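Participant: As given, the protein sequences belong to chains A and B, one line each in that order. Numbering of the first sequence is given in this note's numbering, commencing with residue 5 and proceeding in unit increments. Numbering of the second sequence is given in this note's numbering, commencing with residue 5 and proceeding in unit increments.
Think of the hints as simulated: they come from the structure by calculation, not from any bench. Since the model is a prediction, treat every value here as computed from it, not as a measurement. Please note that a few of the clues may not be correct.
Pairs involving identical chains hold if they fit within one copy or between any two copies, as the list cannot separate such chains.
Unchecked claim - Computed list of lysine-lysine pairs in DSBU-like fashion (alpha-carbon distance at most 35 Å, straight line):
| # | residue 1 | residue 2 |
| --- | --- | --- |
| 1 | Lys66 | Lys97 |
| 2 | Lys77 | Lys194 |
| 3 | Lys97 | Lys194 |
| 4 | Lys66 | Lys112 |
Number of protein chains: 2
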Amino acid sequence: MAQGNPSAGNGIPVAGSPAGAPPGARAQLLETASAIMRDGDVIDISLSELSLRSGLNSALVKYYFGNKAGLLKALLDRDWQAIVTSVDALVEKDGWSPEAKLRRHLWKVVDTFYEVPYLNRLTMRMVRESDDAEARRIADSYLSPIYRAYEQLIGNGVRAGVFREIDPQLFYFTVTGAVDRFFSARLVLKHCFDQDTLTEELRDRYREHTIDIIMAGILAR
Amino acid sequence: MAQGNPSAGNGIPVAGSPAGAPPGARAQLLETASAIMRDGDVIDISLSELSLRSGLNSALVKYYFGNKAGLLKALLDRDWQAIVTSVDALVEKDGWSPEAKLRRHLWKVVDTFYEVPYLNRLTMRMVRESDDAEARRIADSYLSPIYRAYEQLIGNGVRAGVFREIDPQLFYFTVTGAVDRFFSARLVLKHCFDQDTLTEELRDRYREHTIDIIMAGILAR
Chain A
5 MAQGNPSAGN
15 GIPVAGSPAG
25 APPGARAQLL
35 ETASAIMRDG
45 DVIDISLSEL
55 SLRSGLNSAL
65 VKYYFGNKAG
75 LLKALLDRDW
85 QAIVTSVDAL
95 VEKDGWSPEA
105 KLRRHLWKVV
115 DTFYEVPYLN
125 RLTMRMVRES
135 DDAEARRIAD
145 SYLSPIYRAY
155 EQLIGNGVRA
165 GVFREIDPQL
175 FYFTVTGAVD
185 RFFSARLVLK
195 HCFDQDTLTE
205 ELRDRYREHT
215 IDIIMAGILA
225 R
Chain B
5 MAQGNPSAGN
15 GIPVAGSPAG
25 APPGARAQLL
35 ETASAIMRDG
45 DVIDISLSEL
55 SLRSGLNSAL
65 VKYYFGNKAG
75 LLKALLDRDW
85 QAIVTSVDAL
95 VEKDGWSPEA
105 KLRRHLWKVV
115 DTFYEVPYLN
125 RLTMRMVRES
135 DDAEARRIAD
145 SYLSPIYRAY
155 EQLIGNGVRA
165 GVFREIDPQL
175 FYFTVTGAVD
185 RFFSARLVLK
195 HCFDQDTLTE
205 ELRDRYREHT
215 IDIIMAGILA
225 R
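Let the sequences and hints guide you as you build the complete structure.
Facilitator: As structure tokens, then:
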């Protein structure tokens, strides 16, 4: 698996080439980085912790991703690609009403932030720390497709008279902000109220609440 | 003004005592720190930039706040005290319906995040970096009073049959997340879409959108 790895940067295997790396080592590094951020409510990782928790030599980070920044970029890509693919598929789905599609979308947004509560903060950090070209790539690849999906999904519902007149772009902030905030405030709630927001019970309660209030907010009466 | 300043830490004037400091220097340092965070979409400041923009000697930071951490704490206190006072006054206001109070509250939440878009991120940072006692103080002084106000405000509306059955605590996340996200995503939007969210025009559009969708979401039909 050393050959042709698209993430090896210049394509030339560097020192620490994974002769003895287990199959799936690259994916495992990303999954471990994701778990570290989720558990710690952080958007940074130490390579030594990554090595310890994954059981993989940290030289593999250099091999697969070039450096830590490359690893963070690959994680961003992994997480966002899954979201964009899933949202696109939902928008294109035949035979579903705008209301059914929006309910299903809200359901999945809660799932997503439960799984990757660090994603918005990581995205903001990467945009801030990137040059203009990379910031533009992140915007074009991940943020714009989601905006367009909202335009289509909400626009269809408004034209069908099912939804009230709602600005899709502003609505995007309403939804993602409400959901993101709940899960990203995790450690604060833990510190302050001895409450962990990352439990399935609380996820399900917050999901019910969110779908309830957002649908009531957007449905035409 | 050097005597009896409650923020001088141990109360003993330290080196750099503000013999020549202008009146209101302490408030001016806080206001400048706030402006730096707002303009830069950051939750940190450099003392040299603070000195440059305020026109005040950075030794005054040591005098009034002990160090940068003390300055950040004082800023957190300044911003939150204004919010808690205003929310408390609204909840206690006689002769206003729960609906009118909630509309007014949402109006002000948008104003607040427009003025201090850094506040949630700063709060989370301070809680993360504080010891347990200080984290508890922040929670008890600022987060808990807001939760209690939501319980009262929403609870009154639910009991009066004006609001649907909504969990006040979860509703708190819906509101603050939706509003915070819009204004705190500022530099990202600027990078990505050449759009500045911190304009009065966009603030007013987002305010109208937020009040519209949240009120439709909570009002009994």
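Participant: Return the numbers of the hints above that this structure violates; sort them in rising order.
Facilitator: 1
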